[in-house]
Amino acid sequence: MDPDTMTDAGADSAHRAGRLAWPAERLRAKALEIRRDIVTLLAKAQSGHSGGPLSCADFGTALFFHELSVDPANPAWPERDFWHFSIGHVTPVIYSLMAERGYFPLRDLMKFRAFDGHLQGHPSCQDTPGIEVSSGSLGQGLSVCCGVAMAARLDDHPRRVYCVMGDGEQQEGQIWEAAMFAGHRRLDNLCGIVDYNRKQIDGDVEDICGIRPLADKWRAFRWNVIECDGHDLDAVLAAFAAARAHRGQPSVILAHTVMGRGVSFMADDYRWHGKPPKMPEAEQALAELGTSYAAWSARLLAGGADRDAAPSPDGVGP
Amino acid sequence: MDPDTMTDAGADSAHRAGRLAWPAERLRAKALEIRRDIVTLLAKAQSGHSGGPLSCADFGTALFFHELSVDPANPAWPERDFWHFSIGHVTPVIYSLMAERGYFPLRDLMKFRAFDGHLQGHPSCQDTPGIEVSSGSLGQGLSVCCGVAMAARLDDHPRRVYCVMGDGEQQEGQIWEAAMFAGHRRLDNLCGIVDYNRKQIDGDVEDICGIRPLADKWRAFRWNVIECDGHDLDAVLAAFAAARAHRGQPSVILAHTVMGRGVSFMADDYRWHGKPPKMPEAEQALAELGTSYAAWSARLLAGGADRDAAPSPDGVGP
Amino acid sequence: MSAAIALPAKVEKKKTREGFGRALVALGEADPRIVVLVGDLVESTMTSFFAERFPERFIEVGIAEQNMTGIAAGLAAMGKIPFLATYGAFATCRAADQLRVTVAYSDLNVKIGGAHGGISVGPDGATHQAMEEISIIRSLPNMSMVVPCDYWETYKATLAAARHQGPVYIRFGREDVPVVTAEDTPFTLGRGEVFAGGEDLTIVACGVMVYEALRARATLLASGIAARVVDLHTLKPLDVALLERCARETGAIVTAEEHQVNGGLGGAVAEAVVRAHPVPMEFVAVMDRFGQSGKPDELMDAFGLRARDIVVAAERALERKRKA
Amino acid sequence: MSAAIALPAKVEKKKTREGFGRALVALGEADPRIVVLVGDLVESTMTSFFAERFPERFIEVGIAEQNMTGIAAGLAAMGKIPFLATYGAFATCRAADQLRVTVAYSDLNVKIGGAHGGISVGPDGATHQAMEEISIIRSLPNMSMVVPCDYWETYKATLAAARHQGPVYIRFGREDVPVVTAEDTPFTLGRGEVFAGGEDLTIVACGVMVYEALRARATLLASGIAARVVDLHTLKPLDVALLERCARETGAIVTAEEHQVNGGLGGAVAEAVVRAHPVPMEFVAVMDRFGQSGKPDELMDAFGLRARDIVVAAERALERKRKA
Ligand SMILES: Cc1ncc(C[n+]2csc(CCOP(=O)(O)OP(=O)(O)O)c2C)c(N)n1
Ligand SMILES: Cc1ncc(C[n+]2csc(CCOP(=O)(O)OP(=O)(O)O)c2C)c(N)n1
Ligand SMILES: [Mg+2]
Ligand SMILES: [Mg+2]
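Going down the list, the protein sequences come from chains A, B, C and D.
Under my numbering, the residue at position 293 of the first sequence is numbered 293, and the numbers go up by one with no gaps.
Residues are numbered in my numbering as their position in the second sequence, beginning at 1, plus a constant of 1000.
Residues are numbered in my numbering as their position in the third sequence, beginning at 1, plus a constant of 2000.
Residues are numbered in my numbering as their position in the fourth sequence, beginning at 1, plus a constant of 3000.
Incorrect hints may have been included.
In silico EDC-like pairs for lysine to aspartate or glutamate, Cα to Cα no more than 20 Å straight-line [as the list claims (entries may be wrong)]:
(1) B:K1275 - D:D3176
(2) C:K2323 - D:E3183
(3) D:K3321 - C:E2249
(4) C:K2321 - D:E3244
(5) A:K111 - C:E2298
(6) D:K3013 - D:E3298
(7) A:K275 - C:E2043
(8) C:K2323 - C:E2199
(9) D:K3014 - D:E3183
(10) C:K2015 - C:E2056
(11) D:K3321 - D:D3200
(12) C:K2295 - A:D127
Chain A residues, not near chain D, derived (Cβ > 12 Å throughout) [what the hints assert, rightly or not]:
(13) R28
(14) R212
(15) E227
(16) H231
(17) H256
(18) L289
(19) A295
Hints in this document: simulated from the structure, not taken from any laboratory.
Backbone N, C-alpha and C fix where the C-beta goes; we use that ideal spot for every residue, glycine too.
Chain A with its partners taken away, still in its complex shape (with noise of 0.2 Å):
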C-alpha cells in the first residue's frame, strides 16, 4: 500500500478531530449514502455480506457521525474513542463508514477484497489505516474492548469503547467470559452494540440456538441492557446517550434491526448474509436507494474525502 494514499483525506479537509453529533436527519441522508455504498462495492468486488452491513447500517452511521471521537486524519489521535466490529464479516459497512467519514478516500472502497487493495475481506490492521485490531473470527471483539476500556481505567482516560456484535455472534461463549468480566468490573466506559437482526448463516438464529431472552442474559451478567429500534436514528441517539450517562455498569445497546434492511430482495432474508449481490440485482437495489450502478461508482471513483463530514473546529459538531 501506498502510505500517501491513505492520507488523502487528510490532505484536502481540515484537521477533524472529536465527535460530530450530527442530528438524527443528517444521518438519515448519510445512512442512505453508506447503503449505496455497500451495494456499489459488493457489486464491484463480486463477493463478501451483504445482509448485516446493510442491517448496520444506520446505527453505524450514529456511531460514527454522531457518538464517536475520533480524528480520521489522525487514527492514533490519543484522545480517540475506541471502536471495533467484533463481527468482521461486515466489511462493507464498515470500510464505508470509514470511506465517508475520512479515513481514507471513497475510491479505495471500490478495490474491496481486491489484491492490489487495503481493504481486506475482513478487517486487518496492518492494512487498513484506522483498523485497530483485526478480526473475522467471531466472538473475539468484546475481550479485545474489555482490555481497552481496562487500559482507559488504568490511565484515568475518559476514552469510550464500542464493540459492534451479531446475534448469531451471541452464541461464541468468549462473549460471554467478556460479558462477566465487564459486569464484574464495572467499565462503564464500554458499550456493546448487538445488531440484532435475528438471521445469521443457515437461517433464524432462534431456530439454529435461540439466543432469546437476550436481554435477560446481559442483565444477569450484570449489563446495563438497552433495546431500541436499530434504525429509527433518534431511537439510537437516545440509546448512545443513555449508555454514556449510565454509571457503574456497562452497557449494552439491541438495536433490534432487519437484515439486508434497505433492499427489497435482501430484506429479512438470511440467503443474503453473505453474498454480493449480481450486477442486475445491484442495479435494483441502488434503483431502490435512488441512484445508479454508473452514477454511485462514479462517485465512489471520483475519490476525495467527504467535506459534509467536517466538524466545526471545537469539535463538538457541525
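Model the placement of chains B, C and D with the ligands on the given structure of chain A, informed by the hints.
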C-alpha cells in the same frame, strides 16, 4: 494396567445394576466414609486437591448411591445413566465414589496419582474403567453431556445425564455455549450440578470474576434452576427428584457448599483448593472424621469392593 | 501397487468439500450411527446434502465450535460416529483444547471436516484461510489426518475416516480443483501413493498441490528430469517407509503444500528423512506469513504455490543433490 | 561469542517460572506500561510477586483464557505491554484462535507466559503437561517463541520479550531445574548459544533438556566423543545460520526436548537442516503420546528424556554418520 485388577469388584460381588436409591441417613454415613477416603488418599499421594472434593462429597454421594442408574461391574451397561465431572481436578472424590460404589477395588485409591496406578491426577477414560470421557481442562464437560443427551434423544433412550461443574468454572465461556444449546434443545434428560463453594484457586469467586446472579444466568439460558444446600442430603435428594420430574428444560442444581467441608482447618479456605494435607494435618482431619490414617488406610488396602453397595436384584434400592 | 496418475488431458474440476458432502450421504445410508454436526456453515461445508437426506441425524450447533467439538465427543462416547464440520481455522484453533483433552486424550471416535484450508480460499482473506491445521493436528497424539488432493480422494478419505476407530481430521479447500484421481484409484489411510515414477528426485505433495506437482513433473520431464510424484494424503500416521524409499532412491525431495512452512507437510517429511536417510529438501509452502484477500489464482501465484515454483525448487534440490 | 557452559560441580536448582516472576517485577519497576494478567493461577505462574508489588497493574481475569488473551490484545493496542500467564496447555490450545487472529494477525505486543510445559509437571497428569506449544506457536506468523533452560535464562528471556516489539511466547516448567547459566551468560532473542564445543556431533536442546545434554556430553566425552551442545532457547525465529554451521562442522545432530516429537524443536531443526545441509538426526522427545501421572523423575525416565537417552541417540547418530 492389568485388566484383571479392574474387575475384582465385579468378581466378588453380585452383578449390580440400577439405582441404589439409598435414604438420606444411609447416604450421610457413606459421605463420611467418602471424606475419610479423600483425606487418606491425598495424604498417601501427597499431591492433589482437597477443597473441591470435600465440598462435592455429600451431593456426590447422593448422586452415586441414590440417583444414578449404573452397573459398576459393567461400566458400559447400555442402560446406564451417564455421569461426568467437568471439574476434573476433584478426582479424590470421583475415585472414592467410584471405588465405594464398586467400579474398582478400594485399595486402588492408595495409588492415586502414582506412576504404577490407574488413577491419573485428572480423570482419564483410557486408564480408569468407568470414566467415560477424560477431563481436566475446565469448561468442557457440559458440552460432552449435551452430546450424550442428544445421543439418548436420537436413540429414544431413557438415559439421564448428570454433569458436575465448579463455580469458578462458570467463568469459562464454553459452559455458556453448552448451556445455550441445551436450553435451545430442551434437553430435559440433562441435569447440571454446580458445586457452589464460592472459592477457586486464587480466592473468592466473587472477588476474582463474580458469577452472581448465577440462578438468573441459567434461567436466562432457559434452564430450570433448583437451589439447595449441597450438604443437606434431604435437600439434595429433593433437588434430584425435582430435576427428574421437570419436563421441557434441562435442570441445573446450584448446590451451595463449603470448600473443604468436614475438616475444620480446611473449611471455607481457598488455600486448600489444590493441596493435599501433610501427614500430621491428615491425622488431625481423620481424627475429626472419626478415624485415623492407620485405620482408614488399612481399610482401603484391605481392598475389596464395598458390599453395602449391593442393590436388590431389581435394581431399585436396598 | 500404486496406480499411475497421468495429467488429465481435459481437466475436470470439482470441489473437494463436495466429496466430503457426498460421502457423508453414502455413509449415512449404510450406517445409522453416522451423525453430522455443523457450526452455522451448512452450505460452505456441503453438509447440506446430509442435512436434507437425514434431518434427524443432523445437528446444527450454531456458532460455537468448542461446544460442537464437545457434543461430538459425547455422541462418540455413546457409540455414534459423529462428523463435525466448520472452517479449518475454527475446527483446529478455536477448539484446539477440546480436541486435545476431550477428543484426542479420550481417543474418541470423532471425525472433523475442516473446510476452507489454504490460501486458495481467496477473497475472504487471512482469517478464513486455514494454514496451521497440519502443525496443530500432528502434535496431538491419537489423531489421524488426511489432506486429500481432489474430489474422489476426499470422498474416499471420508469413508475411510468412518471405518477407522479414533479421531480423524480431514482438510478440504474451497475452490474447484482438478480431479486427478478416479473412482477406483487406490486409497489407504496412512499410506502415500506414488502417482508418477521417476528417479531424479521426489515431489511429495498433498491437497491441491498434487495437481501442481504433476504439472511440474511434466515441465521437468521436458528438460530431461524424471521426478517421482507422491501423493501424501495422510499426514498422520506418516508413511515413513515410503518416504525413506523415496529419499534413498531419488536422493532429493521437494515438498509442496498449501500450508504454513513451519511444521506442515514439509516439516513432517523432513523429520522422517533426517531419521531415515538425509537428503537435500526444498519446501514449496506458505513462508510463515498470513494470507490475504485476492482471487485464488492471484494468491497462488503471489504466494509461490504453482507448478513453476515446484520446478524452481526441484532444480535447486537437484543442484544440491549433484553437489552433495 | 558464546559463553562456554560447564556442568556445575554442585547443582543449584531453581524454578524457571520463578525467573519469569522475578523479571516481571524488574520490568514493572522500569516501565509503567507493563501489565500482568492471570487466569486464576497466581501462585503457579509466580505472577504473585508482581501482583503484590503492583496490584493496580495486575489483572486477575479468572478462568477464561480466551478472554484473557483478547484483553491482553486490547491493552497492547492501547500501548501497554501485557504479559499474560496460565498453564501452557491452556495458553496455546484454549486460546489458539485468539492468538492467531487477534494477537498474531494483528501483530500486537502481547507476551504469553506458558507455565507447566512438559512431562516433568508430574502428578497432575496428561491434561496439565503441555507438550504441543512449539508446534502450535511456530505455525503462527509474527510470533516469537522462547523455551529457556533455567532460572537465569527465563529471567533474561522475559526481559528480552518486553523489549521485542510483537507477540512472544515463553515456556517454562513446573519443577526446580539445574541452574546452568549465570547472570551474565549472553542471551539474545533469536540466537542459539553454543554451550560446549565439539566436532563429532551436535546436541541441540531447549528447556530442561539443556542440562541433560550437558550431562550426556560428559558421558560421551568419557568414551572419546566430543559433542557440541547448543542451547536453542529461541524456537522462533530460528537461528538457521548456527544450525547450518553445526550440521556442516559436526555432521550429525541429536535434538532433545520435553515436547511432542511432531513439529517441535526436532522438527524445526530438521526443517532447517534438510534445507541447508542434510545430516543424520536423532530425536529425543515425547514420542507422540500423552503424558501421565507420576513423579517428575519417574516420568523423565519412562519417557526417555534423560542424559542416557541422549547418549544412546548420539551413538546412533554417530553410527549413521560413519556409515553415510
Ligand atoms: C469463530 C467463527 N465461526 C464461524 C464463522 C463463520 N461465520 C461468519 S459470519 C457467521 C454468521 C454470523 O451471524 P451474525 O452474528 O448474526 O451476523 P449476520 O449474519 O447477522 O451478519 C458465521 C457463522 C466465523 N467467522 N467465525
Ligand atoms: C481451562 C483451564 N484453566 C485453568 C485450569 C486450572 N484450574 C484447575 S482447578 C481451577 C479452579 C476451579 O475453580 P472451581 O471450579 O470453583 O473449583 P474449586 O476450586 O471450587 O474446586 C483452575 C483455575 C484448568 N484446569 N483448566
Ligand atoms: Mg445476525
Ligand atoms: Mg469453587
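Evaluation of the provided hints:
1. For the hint linking K1275 of chain B to D3176 of chain D, the alpha-carbon distance of about 18 Å falls within 20 Å, and the restraint holds.
2. A C-alpha spacing of about 44 Å is found between K2323 of chain C and E3183 of chain D, which places the hinted pair above 20 Å, so the restraint is violated.
3. Between K3321 of chain D and E2249 of chain C the CA atoms are separated by roughly 19 Å; this keeps the pair inside 20 Å, and the hint holds.
4. Straight-line distance between C-alpha atoms of K2321 of chain C and E3244 of chain D comes to about 17 Å, which keeps the hinted pair within the 20 Å bound.
5. Only pairs whose Cα atoms come within 20 Å are accepted, and K111 of chain A paired with E2298 of chain C is accepted, the gap being roughly 15 Å.
6. At roughly 18 Å between alpha-carbon atoms, K3013 of chain D and E3298 of chain D fall within 20 Å of each other, so this suggested pair holds.
7. Straight-line distance between C-alpha atoms of K275 of chain A and E2043 of chain C comes to about 12 Å, which keeps the hinted pair within the 20 Å bound.
8. Restraint check for K2323 of chain C and E2199 of chain C: the C-alpha separation of about 17 Å stays at or below 20 Å, so the hint holds.
9. With a CA separation close to 13 Å, the supplied pair K3014 of chain D and E3183 of chain D stays within the 20 Å bound.
10. Between K2015 of chain C and E2056 of chain C, the direct Cα distance comes to roughly 26 Å. Violation of the 20 Å bound is thereby established for this hinted pair.
11. Taken as a hint, the K3321 of chain D and D3200 of chain D pair is honoured in the structure, with Cα atoms around 9 Å apart against an allowance of 20 Å.
12. This hinted pair checks out: K2295 of chain C and D127 of chain A have alpha carbons roughly 17 Å apart, not beyond 20 Å.
13. Residue-level check passed: R28 of chain A sits 32 Å from the nearest beta carbon of chain D, beyond 12 Å.
14. Separation of R212 of chain A from chain D is adequate, the least Cβ-Cβ distance of about 24 Å exceeding the 12 Å criterion.
15. Against chain D, the non-interface label of E227 of chain A holds: every CB pair exceeds 12 Å, the least being about 25 Å.
16. Even its closest Cβ contact with chain D, about 30 Å, leaves H231 of chain A beyond 12 Å, as expected for a residue assigned away from the interface.
17. With a minimum CB-CB distance of about 27 Å to chain D, H256 of chain A clears the 12 Å threshold, and the non-interface call stands.
18. Every C-beta of chain D lies more than 12 Å from that of L289 of chain A, the closest at about 33 Å, which supports listing it as non-interface.
19. Interface exclusion of A295 of chain A from chain D stands, the closest Cβ pair being 37 Å apart, more than 12 Å.
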